[in-house]
Amino acid sequence: MTDVLRRGRASLAFSFFAQGATFALLVTRIPAIQDRYGVSDALLPLFLAAVPILAGVGSVTTEQLVKRIRPSRLLRWSQPVVLLALLGVGAGRDMTELGVALAAFGLAVGALDASMNMLGVSLQRSYGRSIMLSFHAVNSLGGIVGASLAWAGAHWHLALWVSYLPVVAVLLPAALVGSRWYVDGKPAPAEEAATEGGSGSSGGGVVFKLLLPLCLVMTFAYIGDSTVSNWSAKYLKDVLGSSEQLATVPYNVYMVTTLAGRTLGDFGVRRFGAAAVVRLGALVAALGFAVVSLAPDAWVGMLGFTLLGLGLCVLVPQTFAAAGRLFPGASDAAIARLNIFNYVGFLIGSPLVGALGDAWSYRGAMLVPMVLVLVTLGYARSFAAQPDRYGGGHERPRTADVGRSSNGI
Numbered sequence: 001m002t003d004v005l006r007r008g009r010a011s012l013a014f015s016f017f018a019q020g021a022t023f024a025l026l027v028t029r030i031p032a033i034q035d036r037y038g039v040s041d042a043l044l045p046l047f048l049a050a051v052p053i054l055a056g057v058g059s060v061t062t063e064q065l066v067k068r069i070r071p072s073r074l075l076r077w078s079q080p081v082v083l084l085a086l087l088g089v090g091a092g093r094d095m096t097e098l099g100v101a102l103a104a105f106g107l108a109v110g111a112l113d114a115s116m117n118m119l120g121v122s123l124q125r126s127y128g129r130s131i132m133l134s135f136h137a138v139n140s141l142g143g144i145v146g147a148s149l150a151w152a153g154a155h156w157h158l159a160l161w162v163s164y165l166p167v168v169a170v171l172l173p174a175a176l177v178g179s180r181w182y183v184d185g186k187p188a189p190a191e192e193a194a195t196e197g198g199s200g201s202s203g204g205g206v207v208f209k210l211l212l213p214l215c216l217v218m219t220f221a222y223i224g225d226s227t228v229s230n231w232s233a234k235y236l237k238d239v240l241g242s243s244e245q246l247a248t249v250p251y252n253v254y255m256v257t258t259l260a261g262r263t264l265g266d267f268g269v270r271r272f273g274a275a276a277v278v279r280l281g282a283l284v285a286a287l288g289f290a291v292v293s294l295a296p297d298a299w300v301g302m303l304g305f306t307l308l309g310l311g312l313c314v315l316v317p318q319t320f321a322a323a324g325r326l327f328p329g330a331s332d333a334a335i336a337r338l339n340i341f342n343y344v345g346f347l348i349g350s351p352l353v354g355a356l357g358d359a360w361s362y363r364g365a366m367l368v369p370m371v372l373v374l375v376t377l378g379y380a381r382s383f384a385a386q387p388d389r390y391g392g393g394h395e396r397p398r399t400a401d402v403g404r405s406s407n408g409i
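First residue of the sequence shown: 1, per our numbering; consecutive thereafter.
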């Protein structure tokens, strides 16, 4: 049984890696995509907004599909669709084909994100200790690799499909082979759900009022993340007066510190509990935004973005894990619903900071995500694990709740 878990964990980690690399290859080549298809500046935001909106639709659809289809099967087939859609974005000939490819990418990535996190939460439950941050650490590593490959493609002036084809050719068969070892966890028994979830699981369903604090934390975390990804370079160059070359560094620093924080984060959860780690992450992230807002020069601004990576990195993985603990009898539905707010934050963050920056100042705009992250402190109690507290002698038996692997084991 332990070997089943280990294979399941390794195969799921590869899926997180592939998703991170694929998404980075798409978003970091947006200027090249715009040039290839002749998408105007006025039309580009519509294309970009369509992806997270359709991803939300994909996540909602996944909530319904998992009532009849195991999450491992949804993940097995949604990941190839995402990879092929990426290739379609690079190989299309006109804006109609681009629209179809982006629509397929959005719908499939919503199902992919939801089903990956469903399996991650169920595996964590089976392990009886915090492992969720490690999956998101691998996702960050995939993002760094994907962004590096995108940089190489841009540096060598490669056509988009030439950049994407080798990546898809490697990741697609590897993901299909690895999917044989996905492990679906079983829902918590009714009496265990009642003990752990309390009023959170009403007849095995999801009470949205109880899920709402986690939805807000997810939204605030992605507003912070999208602020860094979309505005860090402009902020360093236009506000802090850095060179164009130095302005590209903050996002890379942010990604590296995100990877480092998530790599070490599970140990912190096991030692101090999820609520303490979330509180610390929110405080560090808020400090990061404050440093960025008040920075006198580019190097101090860089310090702020470093703190942001270390702080924000723990919020999203722990939010998914908390939903699984709050609704142990309906964790798949809770995670699919919670995943929608990933895309809500992504949609709100960039336009919000841009509008405030134009109307007020970009320094002042950075204080808004700071305040939103601080609001997370008020919801930290939603992350507290009670009988399921990971670490400190509270680990559960490793074989608890182990379901079927997708190859029938």
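Watch out, some of these pointers could steer you wrong.
Unchecked claim - FRET-style restraints, in silico, Cβ to Cβ: (1) H157 / G205: 34 to 44 Å; (2) R363 / L264: 26 to 36 Å; (3) A42 / L176: 19 to 29 Å; (4) A103 / Q64: 28 to 38 Å; (5) I53 / D3: 36 to 46 Å; (6) R271 / D238: 38 to 48 Å; (7) A290 / G378: 34 to 44 Å; (8) N252 / I69: 35 to 45 Å; (9) A174 / A290: 38 to 48 Å; (10) A50 / L84: 10 to 20 Å; (11) L84 / T61: 16 to 26 Å; (12) N252 / P296: 35 to 45 Å; (13) W151 / D238: 43 to 53 Å; (14) I69 / L264: 52 to 62 Å.
No lab work stands behind these hints, which were simulated from the structure alone.
Just so we're clear, the structure is a prediction, and the values are computed from it rather than from any experiment.
Where is the CB? At the ideal position from N, CA and C, for every residue including glycine.
* Please name the hints from earlier in the document that this structure breaks, with their numbers sorted from lowest to highest. => The structure breaks hints 1, 3, 4, 7, 12, 13 and 14; every other hint is satisfied.
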